[in-house]
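Undergrad: Keeping their order, the protein sequence lines are chains A, B, C and D. Residues in the first sequence are numbered consecutively from 427, following the numbering used here. Residues in the second sequence are numbered consecutively from 427, following the numbering used here. Residues in the third sequence are numbered consecutively from 999, following the numbering used here. Residues in the fourth sequence are numbered consecutively from 999, following the numbering used here.
Source of the hints: derived by calculation from the structure; they are not laboratory data. Positions of the beta carbon are idealized from the N, C-alpha and C atoms, including for glycine. You may find that some hints are simply not true.
Residues from chain A shown here face chain C by an in silico Cβ test under 10 Å; the list is partial [claimed, not checked]:
1. 642
2. 681
3. 689
4. 693
5. 708
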Amino acid sequence: MDLLEYQGKQLFARHGIPVPSGKPARTVEEAVAAADEIGYPCAVKAQVQIGGRGKLGGIKIAANKDEAREHAQAILGMDIKGLTVYEVWIEGASQIASEYYASVVFDRSAKAPLVMLSTKGGMDIEAVADEDPDAIAHLHVDALIGFQDFHGRQLAFDAGVDADVVRPIGAFLKQLYNTFVAEECLLVEVNPLIITPERTLTALDAKVTLDNNSLFRHKDNAELRDLSAEDPQEKMAHDRGLTYVKLDGNIGILGNGAGLVMSTLDVVKGAGGEPANFLDAGGGSKAEAITSAVEVILSDSKVEAVLFNIFGGITRCDEVANGLIEAFSQLNPSVPFVVRLDGTNDKEGRQILAEANLPNVYTEATMDGAAAKVVELAKAHHA
Amino acid sequence: MDLLEYQGKQLFARHGIPVPSGKPARTVEEAVAAADEIGYPCAVKAQVQIGGRGKLGGIKIAANKDEAREHAQAILGMDIKGLTVYEVWIEGASQIASEYYASVVFDRSAKAPLVMLSTKGGMDIEAVADEDPDAIAHLHVDALIGFQDFHGRQLAFDAGVDADVVRPIGAFLKQLYNTFVAEECLLVEVNPLIITPERTLTALDAKVTLDNNSLFRHKDNAELRDLSAEDPQEKMAHDRGLTYVKLDGNIGILGNGAGLVMSTLDVVKGAGGEPANFLDAGGGSKAEAITSAVEVILSDSKVEAVLFNIFGGITRCDEVANGLIEAFSQLNPSVPFVVRLDGTNDKEGRQILAEANLPNVYTEATMDGAAAKVVELAKAHHA
Amino acid sequence: MSILIDKNTRLVTTGITGSEGRFHTLRNRDYGTNVVAGVTPGKGGQDVDGIPVFNTIAEAVDKQGANTAMIFVPPPFAADSILEAEEAGIELIIAITEGIPAHDELRAFQVIKKNGRSRLVGPNCPGILSPDKANVGIIPATFFKPGNVGVVSRSGTLTYQVGNELALSGFGNSSIVGIGGDPVPGTDFIDVIGLFQDDPETELIVMCGEIGGDAEEKAAEFIGEHVTKPVVGYIAGFTAPPGKQMGHAGAIVSGSHGTAAAKAQALEAKGVRVGRTPTQVAQIAMEILGK
Amino acid sequence: MSILIDKNTRLVTTGITGSEGRFHTLRNRDYGTNVVAGVTPGKGGQDVDGIPVFNTIAEAVDKQGANTAMIFVPPPFAADSILEAEEAGIELIIAITEGIPAHDELRAFQVIKKNGRSRLVGPNCPGILSPDKANVGIIPATFFKPGNVGVVSRSGTLTYQVGNELALSGFGNSSIVGIGGDPVPGTDFIDVIGLFQDDPETELIVMCGEIGGDAEEKAAEFIGEHVTKPVVGYIAGFTAPPGKQMGHAGAIVSGSHGTAAAKAQALEAKGVRVGRTPTQVAQIAMEILGK
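All chains, full assembly: derive it from the sequences and hints.
TA: Next comes the structure, spelled out in structure tokens:
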């Protein structure tokens, strides 16, 4: 789960990481009240998870109450690269002497947290990584030993930070690492980490990715939401425990297991079709999950045919068949379904489907055959 | 540093370990007020660090206010095995279904924390260890990995705790271990750990030893004191950074380094003398430390002769000589001193002493010779 | 021969009294796996259809000589169960549980590496099948028979799909190993490919990868240096939407790694033929082994 | 020959710009030790009487080839400095600092053990002297000359005392190693005795113990099994007041270990002669080596 800037900053603040004081607001009135409380000049910042919001008018400085109102009116509700701004974050404007970059990321390849620091902070850190990789200091941390004080100094010296902030930067990185561990993050990123003219440090932005699998241990984090990122269909799927990603085509896809679903997308595309979605019903899919999944797929009005590709392991094909029958009785779909069942209890599943004799449901023995069939049906339905 | 029972319980409470609610009191009035607040029946417990206080009348149950006053009057100021009771701890009386034993100790031999659990809690756990060692479940913890949930279950099953408290006991041990680590303890011991008739756990006693070397990181703990254990001479030595232990003899001993001081005690004893103290002036002893140390030694009126045994490494013998001269000018001692200086700047030190020509100061070239001389002088002084 | 599990496997299942744990343990036993124990704390002394249940894994090792553990406990408790198995001296730990927190996985991996006495396969994997010898996990065994093709895969159901295509083409398997697609798999492609390389019965190795991470790229390097047997690859996700990067840091770390095209290219550069569909994988296998 | 330090030693001192660090580093250099660097964060680029100062130990290794570190930083920062030396690949870390928190020592010890690439001597030790070759630490070298007696001791000043008695009897030393008396010494008696056993120049080993812990008892076991050279022991604290036990738990753990009498008895049971005073130690050495 990705946090909005202000959620990340509030999380940082809980762990003693210095952030500008600020308040979130969902209405113009809330925003003006917040600005008054914080004082002027202050920044009005759109809360959406997309790069480049500044250039698109999503960040403005207000010198007084009128400007705060004007900016909040302009920003709340605006569209930034397809995302609607539902919230703004009002914070005191900061003075900047230097802009650094700091992050901790869960590095799957190295199987270790990776801490990075650069004095070339700001908008274009990826360009720095490409053009001048030595400008980014790296350090992998042994998870059993943790981040030591000397690691902080090492990174600060390697990155070439100003001599007077070596120790503060080291301490900041240690706090960042400890926050990463305590909150079970996959990423904490501060860009820019600013040095003020008074030579103090402040995290001027915050990008935090939490591990969804750990949220049961972090009740506060589990309740955080990002209104701007909540696609209604994806939300419906998520609430039902399904992994769903919307795509641009017209063939609804359902499978069990991410690898098989990706493979199904490839095969459908290879057969000349355009998938409408990625939907992984997960391991051990029960009948209700299948019924829910069909509802999610059909809520996309572009769908003109649906492919079920199930290879049962922990999932049982008879459960899938029963779920499909239930979905038909509830939703009475008008588009054709192609169903391919293999694996655990496949014979029972096929038998159940055959006996139900659902309208417009075709069974196929192989994945390739099923893909060819659904592409043909989608074209026929479209015509 | 050993904590009093109530200090240990307050530390436990900060880490979520269940303890009876209670209050400390230093006067009868405070004790009665505390008992009123806690309610009756309550326990009035002498706060001294010595076993067997219960049998000696140091723990009494008060059924009402009058009894609380009576017990507080009796216990405050009483002498328990040579320790004066300056504080009592008033706590709600607990119902006991079972008495267990739990501890975590810094095991130097194994270089690992050792967690122990037994269902045979109560007064005589050392007897259990002797007579029925299998009744105490043991587990060494890898300090880099920490105490895992399964360790708690393993200990609980190994100790044979009642089936319904396996998980609570496991969780309790994990809290105890985490407290041990967080507070940098050398020991946390709960005896008894009681199971109430309602099947909840409570630490009915608390024995905590903190690591003095870590107190700079634990400001709250550094301020804790045990009035009953503060021998004025030992306190004076401690305040001056000296390691001093009072003994029963008449020969004051000063050396640098614990090993050398112990060796000096052995050699003096071997020569027929009785040391009055153990005093390690420490590595790198400066002149002021030596002057302070002489003051501490002479504050024991039984001292009839003093032996300085210095082998300089980081300590410089010239500093020691200057300290002794300063001590003589301040304190004008009436007892004889035998001084043996070897090691770093020994020639300079001996030269300084020779030139100062202090009264009643004898220099010796060897440790054995110095010991023989000081024993002879002490006998002469005593006669 | 086979790798990792066979007739010498003595299996203990943790979480055996849960419905899934029970169902799959009994299926594994029905297949012929030597299931010697189950563990559920507090249920020691009971049995599951004749399989004795113990309070701790240490007890299952002590009393029943368990040498392999299948982890079936729910995600909040799974890392603890893995570490319990490791400390009890279990040689092979197969973690089926899906949804274990990433930091838990990292810690478990690091502990296993530090002590160097156990191998972890998974978590979030379908397990291992050595046809006609032993099945540990949730792989539907009826599709597979003994043979000379070793299969290793990050994906569960995709494994069955590819394995089934191979079976339809007449191939049997030495072993099928699901390593799981989680952030910190205990065993990587290169570990399993190394075992297949050393296994006299395995004549062809099939590896099924997917987008994300760089396990396939590392496997390509390993194959180039150490593997003399033919390897056929498959990568799922050529047409998948690009996954979300973890901030700029994620982009900096992964660089151009991680796409299906990059992975296929890395493998092909080391002489591995990569099928574009599961069916193609079987066709390539037939060409190589000349069936 | 000598053990641990010699002419190949390339020393870096951490905390070199502190007054004690500076004093003893320069004394060590005056003795002939090859001091190649100092480290004080933020003072990189300066020098201490010609010894270049770096910001990190890694830099001292990289630029000056340091292979031995002497830790002289104050106790709150000493464990961090030890771990920095370890991660920088320093082979031998000699920690002089006294007063390091016990849990810090434990963590440092466990990290060094886990990674297996460094040896730690100390903390709270006087260091190591290999007469006429190198001196690292605070041992006053003028009392000692090269010879065939290896000395290992838990105590600082007691080491000088015993060493001096030996010197007065005409003995020289291969090496003198102070292992320190802290809760978690990085190197134990058995480690050093093993090194002396393998050192061709050492003909007699002297070990100086003291009350508390069970390091001497373990050394006795080790000597019984592995050491063929004669060993002379000394234990300080026969008449010391009993130390405070750490609760019942401490008493349960230590049992009858820890007293001087128990230690002397354990050593004598394995054929080690134990002197009752430092002077006696020298006398026994003369009897054994027949001087």
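Undergrad: Look at each hint and say if it fits the structure.
TA: Results of checking the hints against the structure:
A least Cβ separation of about 6 Å between residue 642 of chain A and chain C falls short of the 10 Å threshold, and the interface hint therefore holds. Look at residue 681 of chain A: its Cβ gets to within about 7 Å of chain C, closer than 10 Å, so that hint holds up. Taking 10 Å as the C-beta cut-off, the interface hint given for residue 689 of chain A holds, the closest approach to chain C being about 4 Å. With its C-beta approaching chain C no nearer than about 5 Å, residue 693 of chain A sits inside the 10 Å limit, and its interface hint holds.
A distance limit of 10 Å between C-beta atoms decides the matter here; for residue 708 of chain A the minimum to chain C is near 8 Å, and the interface restraint holds.
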